[in-house]
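Fit chains B, C, D, E and F with the ligands to the known structure of chain A by using the hints.
If you read the protein sequences in the order shown, they are chains A, B, C, D, E and F. The opening residue of the first sequence carries number 11 in our numbering; numbering runs sequentially from there. The opening residue of the second sequence carries number 11 in our numbering; numbering runs sequentially from there. The opening residue of the third sequence carries number 52 in our numbering; numbering runs sequentially from there. The opening residue of the fourth sequence carries number 52 in our numbering; numbering runs sequentially from there. The opening residue of the fifth sequence carries number 5 in our numbering; numbering runs sequentially from there. The opening residue of the sixth sequence carries number 5 in our numbering; numbering runs sequentially from there.
Simulated from the structure, these hints should not be mistaken for laboratory data. A couple of the hints might just be wrong.
Straight-line C-alpha distance at most 16 Å; calculated EDC-like pairs for lysine to aspartate or glutamate [claimed, not checked]:
#1 Lys206/C to Asp19/E
#2 Lys214/D to Asp181/D
#3 Lys53/D to Asp59/F
#4 Lys53/D to Glu62/F
#5 Lys156/A to Asp165/D
#6 Lys53/C to Asp59/E
Computed, partial: chain D to chain A, Cβ under 10 Å [stated by the list, open to error]:
#7 Gly153
#8 Ser155
#9 Gln398
This one's a predicted model, so the numbers in the text were calculated from it and none came from an experiment. Each residue gets a CB set at the ideal place from its N, CA and C atoms; glycine is no exception.
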Amino acid sequence: MSYSRPIDFKNGRVDLSHGSGGRAMAQLIRELFVRHFDNDYLRAQNDGACFPLPAGAGRMVMATDSHVVSPLFFPGGDIGCLSVHGTVNDVAMTGGQPLYLAAGFILEEGFPLADLQRIVISMAAAAKEAGVPIVTGDTKVVEQGKGDGVFITTTGVGVVAPGIELAPQRIRPGDKLLVSGYLGDHGVAIMSLRENLSFETAIESDTAALHGLVAAMLDAVPGIRSLRDPTRGGLAAVLNEFAEAAGCGMLIHEKAIPVRGAVAAACELLGLDPLYVANEGKLVAVCPAEDAERLLAVMRAHPQGRDAAIIGEAIVDANGFVQMETVFGGRRMVDWLSGEQLPRIC
Amino acid sequence: MSYSRPIDFKNGRVDLSHGSGGRAMAQLIRELFVRHFDNDYLRAQNDGACFPLPAGAGRMVMATDSHVVSPLFFPGGDIGCLSVHGTVNDVAMTGGQPLYLAAGFILEEGFPLADLQRIVISMAAAAKEAGVPIVTGDTKVVEQGKGDGVFITTTGVGVVAPGIELAPQRIRPGDKLLVSGYLGDHGVAIMSLRENLSFETAIESDTAALHGLVAAMLDAVPGIRSLRDPTRGGLAAVLNEFAEAAGCGMLIHEKAIPVRGAVAAACELLGLDPLYVANEGKLVAVCPAEDAERLLAVMRAHPQGRDAAIIGEAIVDANGFVQMETVFGGRRMVDWLSGEQLPRIC
Amino acid sequence: MKYIDEFRNGNVARGLAAAIAAEVQPGRSYRLMEFCGGHTHAISRYGLLDLLPPAVQMIHGPGCPVCVLPIGRIDSAIDLAREQGVILCTYADTLRVPASGGLSLLRAKAQGADVRMVYSCDDALRIAQDNPAREVVFFAIGFETTTPMTAAIIKQAAALDLKNFSVFCNHVLTPAAMVHIMESEGDPAAVALDGFVGPAHVSTVIGSGPYEGFAQHYKKPVVISGFEPLDVLQSVLMLVRQINEGRALVENQFTRAVTREGNRKAQALVAEVFELREMFDWRGLGEVPLSALKIKEAFVAFDAETRYSIAYRQVPDAKACECAAILRGHKHPRDCKVFGTACTPDQPIGACMVSSEGACAAHYTYGRHKEASASEVKA
Amino acid sequence: MKYIDEFRNGNVARGLAAAIAAEVQPGRSYRLMEFCGGHTHAISRYGLLDLLPPAVQMIHGPGCPVCVLPIGRIDSAIDLAREQGVILCTYADTLRVPASGGLSLLRAKAQGADVRMVYSCDDALRIAQDNPAREVVFFAIGFETTTPMTAAIIKQAAALDLKNFSVFCNHVLTPAAMVHIMESEGDPAAVALDGFVGPAHVSTVIGSGPYEGFAQHYKKPVVISGFEPLDVLQSVLMLVRQINEGRALVENQFTRAVTREGNRKAQALVAEVFELREMFDWRGLGEVPLSALKIKEAFVAFDAETRYSIAYRQVPDAKACECAAILRGHKHPRDCKVFGTACTPDQPIGACMVSSEGACAAHYTYGRHKEASASEVKA
Amino acid sequence: MCLAIPARVIELFGDDRARIELSGVQKEISLSLVEDVAVGDYVIVHVGFAIGKLDPEEAALTLATFAAMYATHGDELPLTPPLA
Amino acid sequence: MCLAIPARVIELFGDDRARIELSGVQKEISLSLVEDVAVGDYVIVHVGFAIGKLDPEEAALTLATFAAMYATHGDELPLTPPLA
Ligand code: SF4
Ligand code: SF4
Ligand SMILES: [Mg+2]
Ligand SMILES: [Mg+2]
Ligand SMILES: [Mg+2]
Ligand SMILES: [Mg+2]
Ligand SMILES: [Mg+2]
Ligand SMILES: [Mg+2]
Ligand SMILES: [Mg+2]
Ligand SMILES: [Mg+2]
Ligand SMILES: [Mg+2]
Ligand SMILES: [Mg+2]
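Chain A extracted, bound-state conformation (with noise of 0.2 Å):
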């Protein structure tokens, strides 16, 4: 592999060898992907990575996301972060320790390489702030017109301690339900960027890794159901989720869910409702109800829980209805979000 110009990262821009197996590809993947992710798994140059197991681990957990988000750079992160913490998340929902990441690239033809080596770069970094190396990946290139810039689709591998059982279908009425801080943060972020949308806000995307949070509540209450992290479809999602498969109710109260003034705005603005909204920092927390207070404290005590909050409980209601406790004290349902999150004029 001597005998090779490097690569212009500067004005460079991703074309079709940079996918077709040849010297192009094997040269971004070394002189970008291996040297970020920098790591001995990587540079062993196989087709898969191999790595040991820590001693006493229970069960083993995998978890996968695809990140497609538009636009890939936006205030609090960018796609490269996301597509780290989303998997890191998921893997540590289900109370697993995360280990490693695979991550596989779709690039359409055209992208530039600055913006791909900043996703890299921003890969690279919240990889290493979780403690979690990328030890193997994928590379593809699609014709322009056929992707969206990139696409990256990461999957997690974790170890989830011996009895930690963590089931939606353990959630029993009379369960308290938490939420670790604001609601809403990164997809009005995000929103705030779309080209017909534009609107100014200090709000940041609350994207982050949410494993060590996780593991100090585990430490606290083994007993927790189940744990989840309200991405798309927002925290009414992941409500109708438990319901239907805990096979009970929910019943949450409206002015204990914390929501950032300027996300309501927006939301206002637009039509739209912050249950609704994405996260991707943020955890759901289902526990008995003696337990609700210690986990809470255990929560804010950690930076990525200081704002935590009970929400509700589950109840009882063979439907499986999301139920709302409204500021006024009325009820309602909320629902799975029907067809999209558009803003609304009316």
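What follows is chains B, C, D, E and F with the ligands alone, placed relative to chain A:
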């Protein structure tokens, strides 16, 4: 989740709501993915899948591949079974026994649900045949013109038996190179369908899972140095990867390389070289010279290795060049692919 | 949020609710139609029905311009995008409205039609300027609130002499629809409504004046009401009082944003660009005379109906659909056989299920739990 | 593959090689230029140099229409796609040819230009018919082999009266280039070449006749040779014999596909549509008179150069590049300072590195191992 | 229907454009449908246009009525159990 | 340059089109540049057009020359070691 009409898989199309995190997405996951992939891990509806590991496993392996093939359906397969085989094979190439798969779907708005269903059923069948369940997944929908029907990123985990330690760095001059069968079938089958090339041939993609073959090979010759599946970039890419990693040269013998007549003919028509054409159900193996005949016999006894052949050997060469002894007895280099494999007129 | 949060105070709400409960007369029922989806939304989202005494019944009116858009008009919009190949710009609200053949603008888009969501009609104009080689049509919908800006961009397009821009006008009028509801039974006395919660932002534009004739003629009290939950509660109280006292006046609860005259500048603009249509078909209501606007001859160059010879083809509402009865207060969504089964917000059949502010959609999304007989136990 | 495999028999090759070795005269050197990239390819791919005695030296000529396409012409093609917004149809071979500013058609495509790879020029015509609202230009390149089909589609476009189709003609001529090589030193006697392996498929079209004047005038033997490796070896043998015997004739090794007259029907078609250009710029060779074709006045409607007023702008070849010397047989690729470092097939600088059939690319891709001093040990 | 919200004008541009602010969210809107708007005014914003001004005195009066109502009836009818 | 290969014509269509076959690969090509092609003929195919016919007798003659050459010199010069 009562109260919803079944999905119209006959005439329906993917729309943005199928990726929005709302009811339509939950329904698609339930009625399509969970139904066909059909296992308890998926039914558990967690963010990730938790699973035990078989006792006595040495190390674990993780591999990932994004699949962006066009056309989606081709003689001998489709993107669905391909996405299972592609990753199962990457796990197998490390010497691992694949255990579980994760699948991330990126769907383009407007994609016919009938095609998606056909792909999912094909994936499910391939996973079942390979004995590797798809235990977790993710679905995203991108706007029309920002994807290409469907992209599937699969990630596999598996276990590597103690003592198995495959790595191209272990290749030594004198080691023998073997391939498991005819080269170029997949690439030619795909190209035969490209609108502007259209030619007819009975050649079918060789897409297949190779972990069974690998298990038999490792059983007979645990000292195999390295395995790799010659996908994009073909045999040439694998040999150059081997040479680069091992710091030695490779010498192959043109007349020993199995290429079907129709594949050679299609390559003549298009100005391509079969050494650079992609395969999806073939592997390249390197083993000590003294094990080569035994390994060949074992491969030929397996249905996936019926047409296996010894094609050359590693040689001393500080430059890490891959050379081929031509049918004439002359020698030439087999370099990395430059740019893309494009049909040439001159 | 100033001027918003104060009007969402739960404690005050309980005070207002108590006042209503205190003033409701025993044995009397108060059937009040909130005309607007904005009110329906506030009632559903804040659970206001739980605060009202049983004697007060809220009937959801047809005040959602998306719900009432007839199938034939959506079909024409889809045709523009698919057959004429135009860039069709639309507010997101219309994207999922069901049209003929299982289509919607969103599905047409998924099949390749160039349908673009805009937040403001300004954006449609900009898209036309950015794509001089393409024809761009703005699919204009809305009540009086949303009409002036359409007028503004038509004038702007005329000033810019844009050749590739036109408007497919579907603006409709509130008072005409209210009249139609009173006339729909043949005999206004047969209409079982005791009063109207009148439009908020529509009235900001047209003023409260236009309802005075209505209130007087049909002897039904009208209270122009803001869309915040306390506004709605206060308006209900004001209606209860009028009913108790036998009055039938137009009262204005939304004084902070509505005057008797409304926004004269906006009205002048609308009058310059638009004129009354003789007849317009409303989904759920059928043909309503003088209930919509069309583009005046002077701006015909920007009228997509003329430019593309759009012929309106009436498509009958689904047979099973009870919208017509629901919109008149005769039936409740739960009375419709297909509610929640064949007809859901994801796959709506009738007008009331189309937008989240339709009566059926609001009940499905926010109020369905009331139908469930499950006994709840709070932990 | 009948008529292919028989001409790739390694045993026979050794027989031919032995014959060549037997006939080479001691102390004499045979410097033979294979004009075509097709021969270069066969020599490299089959490792023929290993079979030839050291006295026989093969010089790679300029016979690759992709390599010799000058930067300015690629620039114009890119302009058509980027500035004029046409659909530019091209054979895949041209996609990676470097143009000015670090561009190539592939990179222009990556930046959004509508560049489409076709396998046959027929497809370009079909694309024009399928996209009546777009202008479609076929970027025609090639020697005499590839010219008749371009003529055919121009005539077809005329018959169909296609308004949105034109051809950017860059067809070049073989004999003129051979003459130029002989003339380039000022004195033909200074050109250190002893004979020419003549074009295969070019000759199928134009016949072997056109080389007779060349052979006679410059007293250099020419053997028209097939592109299979045995063809090349036999042609070398035939050249060695001519040189040994002091003859300078056109001989035809490729009798199975070449006659003296060539393909009259194809020639007539070319003559009907094209005429000679006074001057054409070749990458690596510079301006060569009467070496290319242009579209005749009768078909000017389909001439992209006229339609888009394409003005050719000469862009000098890179300074470091030794192509000019290599193409004349004065230097070997290894003599170029940037060979394999700044200039590689992935990022070519000069003409000879552009296509896999250029002298430098062939040496890089197939023959570089010869430069390496590594001692090999076969296991 | 007719989603519209009151927001404060914080900056006037030429050409009938203005910047409004709502709890930390800012947006550019059109003032072409309204007259005599000054920085500090609250306008009702619909699809990127101001459709009218908000009258602060009237708002205060309405709120005062609410307060009175609450004072009179606030404790009479706690319809739901107190919140957690 | 000028990649072209001999292939057998296996079917003639109207409109100067034909199907050719090469070791199990078939393709439709144009015959518009050649004359008098019959099924069974070999044509030289370039970018989807036949540019000429292959003369089987001449091919046989060339191969015969090769054979003669091999008979004479075949064993003289094994340039490389025998293959594995
Ligand atoms: S549920 Fe659907 S069909 Fe029934 S009345 Fe409502 S909108 Fe019409
Ligand atoms: S190596 Fe490149 S720069 Fe040097 S002579 Fe060859 S083509 Fe020209
Ligand atoms: Mg996931
Ligand atoms: Mg996730
Ligand atoms: Mg998740
Ligand atoms: Mg891969
Ligand atoms: Mg794009
Ligand atoms: Mg892989
Ligand atoms: Mg693979
Ligand atoms: Mg592989
Ligand atoms: Mg996911
Ligand atoms: Mg597409």
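Checklist line | Structure versus earlier hints, numbers of those that do not hold, lowest first | finding: none
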